[in-house]
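Produce the entire structure from the sequences given, and follow the hints as far as they go.
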Amino acid sequence: MEEKNDQPDKIDEKEERRREIDLNVLYPEKGYDLNHLFPDEGTKKLLYELRRNKRDIDRFLKSLHVEEE
139 MEEKNDQPDK IDEKEERRRE IDLNVLYPEK GYDLNHLFPD EGTKKLLYEL
189 RRNKRDIDRF LKSLHVEEE
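Its first residue numbered 139, the sequence shown is counted upward by one per residue in my numbering.
Check the hints yourself; a few may be wrong.
Calculated lysine-lysine pairs in the PhoX-like style (CA-CA distance at most 25 Å, straight line) [what the hints assert, rightly or not]: (1) K168 <-> K183; (2) K192 <-> K182; (3) K192 <-> K168; (4) K168 <-> K182.
Derived from the structure by calculation, the hints contain no laboratory data.
From a predicted model like this one, the values you see are computed outputs, not experimental measurements.
This is the structure:
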């Protein structure tokens with residue numbers, strides 16, 4: 139039974155690495171190291187969610203314009 143408990147830890151570790159947010163990739167137009175400016179994972183996640191929400195809002199607004207025409 140202990141072997142089953144060890145496997146989820148390995149999976150969680152892989153998922154955690156996958157979830158690491160690289161702000162320099164997210165905002166390539168900036169000329170400085172955003173990961174250095176915002177080392178806190180909470181701030182990185184907030185900026186990632188902000189980017190994602192903006193994209194979703196833009197898509198929603200675009201769909202409204204298509205329906206109006």
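Hint-by-hint comparison with the structure:
At roughly 18 Å between alpha-carbon atoms, K168 and K183 fall within 25 Å of each other, so this suggested pair holds. Between the alpha carbons of K192 and K182 the distance comes to roughly 15 Å, so the proposed pair stays at or under 25 Å and holds. Only pairs whose Cα atoms come within 25 Å are accepted, and K192 paired with K168 is accepted, the gap being roughly 17 Å. Between K168 and K182 the alpha-carbon distance is near 15 Å, which keeps this suggested pair within the 25 Å criterion.
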